[in-house]
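Student: Working from the sequences, and respecting the hints, build out all of it.
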Amino acid sequence: MRLLPPWSRAPLLGLRQPAAVVAVLVTTAILACAVASAPLFLSSARSAALQQQLAPQCAEAAWPAVTASADAPVGDAAQEVAGAPVAAWAAVGRTAEPSLTVGSTANASGNVQQGVPVTAADGARLSQPATLLWRPDALAHVEVVDEVAGTGVWLPASYAQAAGATAGGTVDVGGTPTPVVGVYTDLFDTVPGAYWCDDEPYFTNASSADTPPPALVLTTDATTLVDLAVAARGSLSAPASVPVDGSTLPTSRATELDELTTAALDAPPLRGSGATRDPRLAEAADRAQVLEGGLRGPVIPVAVAGGLLALVLVAAAGSFWADRRATEVRLLAARGVGPVPLAGKAALELALPALVGAAVGWAASRLLIGALGPAPELDPAAAAAAVGAGVAAFVGGLGAAAVVAGLRARGTVERPLGAAPRWPAQVPWEVALLLAAGACWLLLEGRDAVVSQGGVAQVNGLLVAFPLLAVAGAAVLAARLLTALLPRLRRWAGRRRPPLFLAVNRWTAARAATATLLVAIALPVAVLGYTATLTASSRATLDAKVGVQLGAGAYAATATRVDPDAITGPDGTTVLRFSDATLTGSADRTPVQVLGIDPTTFAGTATWVDSFAGSPLEDLVGRLTRDSAVVPVVASGVPAGSYELRLGSVPVDVEVVGTADVLPGRRTADPVVLVDRSRLPEVPPSAGSDQSVERWTDGDVAAAGAQLRDAGAVRVTGTEPADVQRAANFLGVTWTFGYLSALAVFSGVIGAAGLLLYLEARSRARVSGYVMARRLGLSRAAHLRSLVLELGGVAVAGVVVGGLLAVGAVAAVYRRLDVDLVRPPTPLLDVPWPAVAGTAVATLAVAVVAALYAQHAADRADPATVLREDA
Amino acid sequence: MTGFAATGLVKRFRRGVETVTALAGVDLAVAGGEFVALVGPSGSGKSTLLALLCGWETPDAGSLQVGAGTDPGGQGWTELAVVPQALGLVADLSLADNVLLPARLRGGRSDRPGDPAPLAERLMADFGLAHLADRYPHQASLGEQQRAAVARALVLRPALLLADEPTAHQDRGHADRLLDALRDAASDGTAVLLATHDEVAWSRADRVVSMRDGLLVEGAPR
Numbered sequence: 017m018r019l020l021p022p023w024s025r026a027p028l029l030g031l032r033q034p035a036a037v038v039a040v041l042v043t044t045a046i047l048a049c050a051v052a053s054a055p056l057f058l059s060s061a062r063s064a065a066l067q068q069q070l071a072p073q074c075a076e077a078a079w080p081a082v083t084a085s086a087d088a089p090v091g092d093a094a095q096e097v098a099g100a101p102v103a104a105w106a107a108v109g110r111t112a113e114p115s116l117t118v119g120s121t122a123n124a125s126g127n128v129q130q131g132v133p134v135t136a137a138d139g140a141r142l143s144q145p146a147t148l149l150w151r152p153d154a155l156a157h158v159e160v161v162d163e164v165a166g167t168g169v170w171l172p173a174s175y176a177q178a179a180g181a182t183a184g185g186t187v188d189v190g191g192t193p194t195p196v197v198g199v200y201t202d203l204f205d206t207v208p209g210a211y212w213c214d215d216e217p218y219f220t221n222a223s224s225a226d227t228p229p230p231a232l233v234l235t236t237d238a239t240t241l242v243d244l245a246v247a248a249r250g251s252l253s254a255p256a257s258v259p260v261d262g263s264t265l266p267t268s269r270a271t272e273l274d275e276l277t278t279a280a281l282d283a284p285p286l287r288g289s290g291a292t293r294d295p296r297l298a299e300a301a302d303r304a305q306v307l308e309g310g311l312r313g314p315v316i317p318v319a320v321a322g323g324l325l326a327l328v329l330v331a332a333a334g335s336f337w338a339d340r341r342a343t344e345v346r347l348l349a350a351r352g353v354g355p356v357p358l359a360g361k362a363a364l365e366l367a368l369p370a371l372v373g374a375a376v377g378w379a380a381s382r383l384l385i386g387a388l389g390p391a392p393e394l395d396p397a398a399a400a401a402a403v404g405a406g407v408a409a410f411v412g413g414l415g416a417a418a419v420v421a422g423l424r425a426r427g428t429v430e431r432p433l434g435a436a437p438r439w440p441a442q443v444p445w446e447v448a449l450l451l452a453a454g455a456c457w458l459l460l461e462g463r464d465a466v467v468s469q470g471g472v473a474q475v476n477g478l479l480v481a482f483p484l485l486a487v488a489g490a491a492v493l494a495a496r497l498l499t500a501l502l503p504r505l506r507r508w509a510g511r512r513r514p515p516l517f518l519a520v521n522r523w524t525a526a527r528a529a530t531a532t533l534l535v536a537i538a539l540p541v542a543v544l545g546y547t548a549t550l551t552a553s554s555r556a557t558l559d560a561k562v563g564v565q566l567g568a569g570a571y572a573a574t575a576t577r578v579d580p581d582a583i584t585g586p587d588g589t590t591v592l593r594f595s596d597a598t599l600t601g602s603a604d605r606t607p608v609q610v611l612g613i614d615p616t617t618f619a620g621t622a623t624w625v626d627s628f629a630g631s632p633l634e635d636l637v638g639r640l641t642r643d644s645a646v647v648p649v650v651a652s653g654v655p656a657g658s659y660e661l662r663l664g665s666v667p668v669d670v671e672v673v674g675t676a677d678v679l680p681g682r683r684t685a686d687p688v689v690l691v692d693r694s695r696l697p698e699v700p701p702s703a704g705s706d707q708s709v710e711r712w713t714d715g716d717v718a719a720a721g722a723q724l725r726d727a728g729a730v731r732v733t734g735t736e737p738a739d740v741q742r743a744a745n746f747l748g749v750t751w752t753f754g755y756l757s758a759l760a761v762f763s764g765v766i767g768a769a770g771l772l773l774y775l776e777a778r779s780r781a782r783v784s785g786y787v788m789a790r791r792l793g794l795s796r797a798a799h800l801r802s803l804v805l806e807l808g809g810v811a812v813a814g815v816v817v818g819g820l821l822a823v824g825a826v827a828a829v830y831r832r833l834d835v836d837l838v839r840p841p842t843p844l845l846d847v848p849w850p851a852v853a854g855t856a857v858a859t860l861a862v863a864v865v866a867a868l869y870a871q872h873a874a875d876r877a878d879p880a881t882v883l884r885e886d887a
Numbered sequence: 472m473t474g475f476a477a478t479g480l481v482k483r484f485r486r487g488v489e490t491v492t493a494l495a496g497v498d499l500a501v502a503g504g505e506f507v508a509l510v511g512p513s514g515s516g517k518s519t520l521l522a523l524l525c526g527w528e529t530p531d532a533g534s535l536q537v538g539a540g541t542d543p544g545g546q547g548w549t550e551l552a553v554v555p556q557a558l559g560l561v562a563d564l565s566l567a568d569n570v571l572l573p574a575r576l577r578g579g580r581s582d583r584p585g586d587p588a589p590l591a592e593r594l595m596a597d598f599g600l601a602h603l604a605d606r607y608p609h610q611a612s613l614g615e616q617q618r619a620a621v622a623r624a625l626v627l628r629p630a631l632l633l634a635d636e637p638t639a640h641q642d643r644g645h646a647d648r649l650l651d652a653l654r655d656a657a658s659d660g661t662a663v664l665l666a667t668h669d670e671v672a673w674s675r676a677d678r679v680v681s682m683r684d685g686l687l688v689e690g691a692p693r
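Protein sequence lines correspond, in order, to chains Z and Y.
Per the numbering used here, the very first residue in the first sequence carries number 17; after that it's consecutive.
Per the numbering used here, the very first residue in the second sequence carries number 472; after that it's consecutive.
Calculated directly from the structure, the hints in this document are not laboratory data.
Treat the numbers as computed from the prediction; the structure is a model and nothing was measured.
We put the CB at the ideal spot given by N, CA and C, even for glycine.
Careful, some of the hints might be misleading.
Stated by the list, open to error - Here are some of the chain Z residues that sit facing chain Y, going by a computed Cβ distance under 10 Å: (1) Ala575; (2) Tyr786; (3) Leu792; (4) Trp849.
Tutor: What follows is the structure in structure tokens.
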């Protein structure tokens with residue numbers, strides 16, 4: 017018979033042990049998934065950060081754009097400026113969308129004035145100048161009021177009315193009589209749509225409700241606009257942008273587009289022309305980079321911790337292989353084969369499943385991050401890094417499995433029977449983890465747990481590393497201490513009924529396995545409890561902070577002076593906000609934010625957490641309606657007492673009748689004062705205190721805005737939680753804890769895999785013992801009870817230990833996890849009891865199912881076969 | 472009579488497409504107090520016969536009377552004790568706990584009169600296991616494990632004891648001690664059937680029966 021060489025025979029031999037193959041495959045997959053997920057997650061977070069920053073902006077914010085401009089260009093120079101950006105994009109192989117505007121002009125004396133002067137047909141110069149705009153399809157995106165054929169300009173309806181112009185008439189634009197070929201509905205009177213998003217500043221005026229911007233006059237073609245610009249000595253601006261979809265943009269593509277923009281600016285039509293680029297995409301990419309940099313701190317240690325956990329599992333699978341191949345490896349070892357060749361044999365036999373496992377793990381991480389990560393778009397570099405991580409997982413995992421398999425195989429024959437465990441097994445290595453956790457804590461003492469860089473909140477990596485190291489070290493130490501008590505427990509169980517006696521003896525006989533299983537359960541429970549609680553707490557804190565800033569779920573506001581009491585709606589409350597207000601007591605004058613509220617509806621809508629004050633909000637607001645000579649107010653940030661409140665120049669004597677640590681509607685660091693607005697005197701515009709009317713709501717902000725408009729507001733803005741969070745950018749924090757939660761679930765998978773390995777590793781001895789014990793008189797029910805006690809007992813101990821560790825870790829950390837130091841309140845604690853209870857129940861359920869599985873496996877055994885095999 | 476009586480036992484196994492007849496009509500009776508050695512080459516059907524007598528296999532034909540019943544699987548350890556080839560020690564229990572396990576599962580307590588604990592201690596001492604009492608099976612040699620399995624079989628003074636090669640891993644001295652213990656048990660009324668290749672055991676038995684090709688004949692093989 018021809019013998020195959022070992023490198024071809026070993027992989028086939030390995031396949032004869034399906035349990036060992038599955039163990040190595042699954043554990044290597046877990047390892048590869050752990051290490052490959054880190055670069056993929058960071059890339060996903062980077063893409064999502066970019067996309068989320070672009071999302072609230074106009075679509076054009078994601079478009080690479082260059083702008084050529086010229087002040088008062090003449091002749092062909094104007095045409096060259098107008099055409100240069102498109103030509104530059106063409107030079108780098110891109111088709112761009114052009115646009116032309118004239119936003120200002122130079123008068124005869126050379127002074128620049130806003131807009132282009134327009135004179136009506138009757139020769140009267142309109143008080144409102146115009147912005148000239150041409151875009152290829154602009155006329156297809158307006159509501160036509162009137163039109164005639166030909167080239168010329170289109171006027172907004174209100175402007176045409178002011179000019180007394182109609183389609184077919186003429187106006188003088190910057191000194192040039194120009195045919196009016198169309199009239200369109202003013203864009204601010206329509207829902208203009210995404211097409212006009214980037215041009216909104218040309219037809220709305222967000223900063224003031226009273227001063228209208230120049231009228232937006234559209235030209236039918238580029239030539240008309242250029243001719244008018246030349247004639248009016250206008251400032252010609254010629255942007256051209258390349259449309260891209262910002263909602264699916266990864267950062268690598270943003271970088272490419274930025275490089276492309278640089279190339280376009282360097283192309284001959286624009287080189288040296290002073291043309292500029294649109295910075296929004298690059299700024300968003302930079303900010304995404306900052307966010308990703310902040311995530312690296314916590315994510316890398318988490319990934320390393322997960323990888324090490326998984327590596328231990330792979331090593332355990334190697335040990336399992338040695339058990340399954342015990343007969344052969346003992347024979348080889350007895351013949352003098354050393355641990356290195358045995359490890360080599362294990363490596364050859366396990367290479368195939370390890371390779372498949374690494375590939376499966378990589379694919380799983382790719383799928384999981386794509387499906388569950390912050391964004392599905394990943395950078396090619398991250399995908400390549402993940403492949404590298406998968407290869408490293410294969411090499412590292414196979415190496416660990418082989419080394420442990422070799423050592424265990426050799427150890428079975430080298431060690432005398434009944435010998436005490438070797439010293440490495442007795443050294444409390446976990447103390448090193450606890451010392452490392454202590455070092456992290458000491459380092460953290462001198463640093464902020466959450467820092468803000470460029471407006472991006474970032475969790476300090478130490479804040480993640482400390483509890484993970486502490487939990488891991490404490491879990492192992494607790495397992496070591498608990499299992500040290502097992503011999504005593506065994507003596508006690510010697511006087512108990514068979515199920516308890518057998519269960520305790522199983523724990524004692526396999527102390528290391530019991531301790532490992534205990535850690536495998538306690539660790540995921542602790543990490544899950546810790547991450548779930550911190551995630552819920554930081555979410556609750558963030559919501560409370562945002563709620564405090566907004567005042568309620570959302571609000572619509574207007575600077576138009578409308579009567580707050582005229583605003584009605586089924587829900588919500590109206591707040592009159594005064595800026596430029598001060599509170600003067602016996603000491604200095606203090607700037608304050610004054611909210612004139614309606615006491616009957618305020619408490620029902622405003623954000624409130626009981627920790628904000630010693631009294632409920634209803635009680636505090638109720639004090640505002642007391643009869644008193646001075647106006648009662650409730651304040652945060654100032655003590656109770658009498659004060660003079662000045663709303664601009666209007667003085668009001670007030671008394672602080674209630675205080676709170678935090679009051680809803682706090683937008684700055686200044687104290688907040690709540691007052692019943694019906695008790696306030698009239699504050700005219702001349703008093704110098706800016707007022708805004710806000711409609712707070714826990715429902716639809718659009719409905720709140722409509723209520724303001726119904727009351728006569730002209731310009732209304734809506735603000736929702738997403739707007740606040742976007743501005744402050746807490747994505748790094750939420751994603752950090754999202755990743756930690758994923759780690760917890762991942763740890764649970766590790767725990768379950770560990771449980772299966774534990775069961776499988778002991779199945780042969782268990783089945784043999786069971787079959788004989790049945791003959792000795794053990795009932796099936798008693799055996800099942802012993803299994804439930806054995807696995808359920810470890811599960812209960814694991815849940816208790818894990819729960820205690822989670823409580824300790826949360827208590828140590830949560831007060832430091834203030835995601836936004838500027839905004840109140842300080843961190844809130846929110847324990848997700850359903851998740852905690854679910855974890856405990858799931859753990860116990862897994863243990864019971866595992867016990868049933870083990871009983872089923874024992875029941876299937878054929879006694880004659882089992883007891884005929886060699887002992 | 473205590474012990475057992477087997478008549479016309481037939482057992483066949485499927486091995487692929489082939490049917491192998493392990494027992495081709497075995498008649499054997501062992502009475503209480505009788506020590507019978509069952510001999511024969513490997514594959515002759517000894518272990519199959521023991522498996523039928525233990526109730527781990529069911530015969531395809533023939534009848535079996537074990538003690539007062541016909542179902543050996545329903546017999547307690549006091550009626551029918553076994554030393555299987557694989558020993559069947561519970562890996563998670565010490566050797567002492569293994570030996571006492573039948574008593575524990577029967578509900579025995581060490582403080583009751585007639586408790587098997589003293590006997591267990593004596594057996595372990597006789598078999599050279601006293602100093603290994605707290606060791607787990609995997610911490611003991613195969614011979615030591617085998618002696619523990621025999622002690623476990625004897626600890627409740629069973630009416631019938633079936634042992635499959637109980638001296639296979641013993642040196643001569645320990646093998647003799649095991650045979651002495653089995654001989655003593657037979658003297659106390661236990662019916663002992665010993666499957667063995669050990670020719671010394673044949674000489675200690677009251678009777679020797681031989682198996683060849685699934686059939687049983689009286690006397691040692693020639």
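Student: Now tell me, hint by hint, if it's right for this structure.
Tutor: Consistency of the hints with the structure:
The interface hint given for Ala575 (chain Z) is broken, as the beta carbon of that residue sits about 79 Å from the closest beta carbon of chain Y, more than 10 Å. Satisfaction of the interface hint for Tyr786 (chain Z) is found here, the shortest Cβ-Cβ separation to chain Y being roughly 8 Å, below the 10 Å cut-off. The beta carbon of Leu792 (chain Z) comes within 5 Å of a beta carbon in chain Y, closer than 10 Å, and the hint placing it at the interface holds. Hint status for Trp849 (chain Z): violated, given a least beta-carbon distance of 37 Å to chain Y, over 10 Å.
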